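The whole structure should be built from the sequences, with the hints applied where relevant.
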Amino acid sequence: GIQVEQSPPDLILQEGANSTLRCNFSDSVNNLQWFHQNPWGQLINLFYIPSGTKQNGRLSATTVATERYSLLYISSSQTTDSGVYFCAVNSGGYQKVTFGTGTKLQVIP
Amino acid sequence: DTAVSQTPKYLVTQMGNDKSIKCEQNLGHDTMYWYKQDSKKFLKIMFSYNNKELIINETVPNRFSPKSPDKAHLNLHINSLELGDSAVYFCASSRASGRSEQFFGPGTRLTVL
Numbered sequence: 001g002i003q004v005e006q007s008p009p010d011l012i013l014q015e016g017a018n019s020t021l022r023c024n025f026s027d028s029v030n031n032l033q034w035f036h037q038n039p040w041g042q043l044i045n046l047f048y049i050p051s052g053t054k055q056n057g058r059l060s061a062t063t064v065a066t067e068r069y070s071l072l073y074i075s076s077s078q079t080t081d082s083g084v085y086f087c088a089v090n091s092g093g094y095q096k097v098t099f100g101t102g103t104k105l106q107v108i109p
Numbered sequence: 001d002t003a004v005s006q007t008p009k010y011l012v013t014q015m016g017n018d019k020s021i022k023c024e025q026n027l028g029h030d031t032m033y034w035y036k037q038d039s040k041k042f043l044k045i046m047f048s049y050n051n052k053e054l055i056i057n058e059t060v061p062n063r064f065s066p067k068s069p070d071k072a073h074l075n076l077h078i079n080s081l082e083l084g085d086s087a088v089y090f091c092a093s094s095r096a097s098g099r100s101e102q103f104f105g106p107g108t109r110l111t112v113l
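If you read the protein sequences in the order shown, they are chains A and B. Residue 82 in the numbering used here sits at position 82 of the first sequence; the count goes up by one each step and never skips. Residue 93 in the numbering used here sits at position 93 of the second sequence; the count goes up by one each step and never skips.
Please keep in mind that the hints were generated in silico from the structure rather than gathered at the bench.
In silico negatives: residues of chain B with every beta carbon more than 10 Å from chain A:
| hint | residue |
| --- | --- |
| 1 | V12 |
| 2 | D18 |
| 3 | K19 |
| 4 | P61 |
| 5 | N62 |
| 6 | D70 |
Some chain A residues close to chain B (C-beta under 8 Å, calculated; not the full set):
| hint | residue |
| --- | --- |
| 7 | G41 |
| 8 | F99 |
| 9 | G102 |
As the structure is a computational prediction, the values presented were derived from the model and not from experiment. The beta-carbon is built from N, C-alpha and C at its ideal position, and this holds for glycine as well.
As structure tokens, this is what we get:
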């Protein structure tokens with residue numbers, strides 16, 4: 001099956017710093033989502049981005065499907081950005097979604 | 001209004017017991033899913049239902065049995081609970097197939113003692 005790797009696995013940022021999270025996948029995908037799992041365990045939809053670039057406030061994402069990767073940019077990070085960020089892809093298999101390994105982000109004041 | 005809801009939020013039980021987790025979505029979606037998140041935070045799909053029909057069963061033990069009474073509900077029944085079943089279980093839904101955006105419930109933390 002498809003492999004989905006995220007990097008870095010762990011990241012500590014000073015509040016106000018910027019960061020880039022990466023999601024690499026081993027096969028072509030039909031869609032890709034980014035999620036934020038907050039410290040309370042809730043999975044929050046960030047982007048649905050099979051290709052191209054989207055922006056939402058301080059967050060933006062870019063997927064280059066032909067090169068099999070997606071990037072999530074966080075600018076001016078805040079402590080509320082802490083948590084685990086997942087990408088998830090659907091790759092041909094009907095309805096099957098594969099999650100990445102996650103990036104654990106800690107933003108310190 | 002909660003889009004995808006699960007009950008209970010926490011479930012603590014003894015080994016060998018049978019338990020159920022309920023999931024409901026009010027988004028009008030056709031497809032619902034169950035995921036398991038282990039202690040290392042890895043999320044893996046267990047089941048997928050499309051219009052009450054089982055589509056995906058990802059090598060989950062027979063002790064796990066999903067039931068979809070209608071397309072807005074997907075319940076998970078677990079027989080003879082084992083210590084290794086301890087995890088957070090998430091329900092999700094999407095408009096159609098895995099090709100559209102998925103929305104997740106709040107999760108049910110199951111602890112088997």
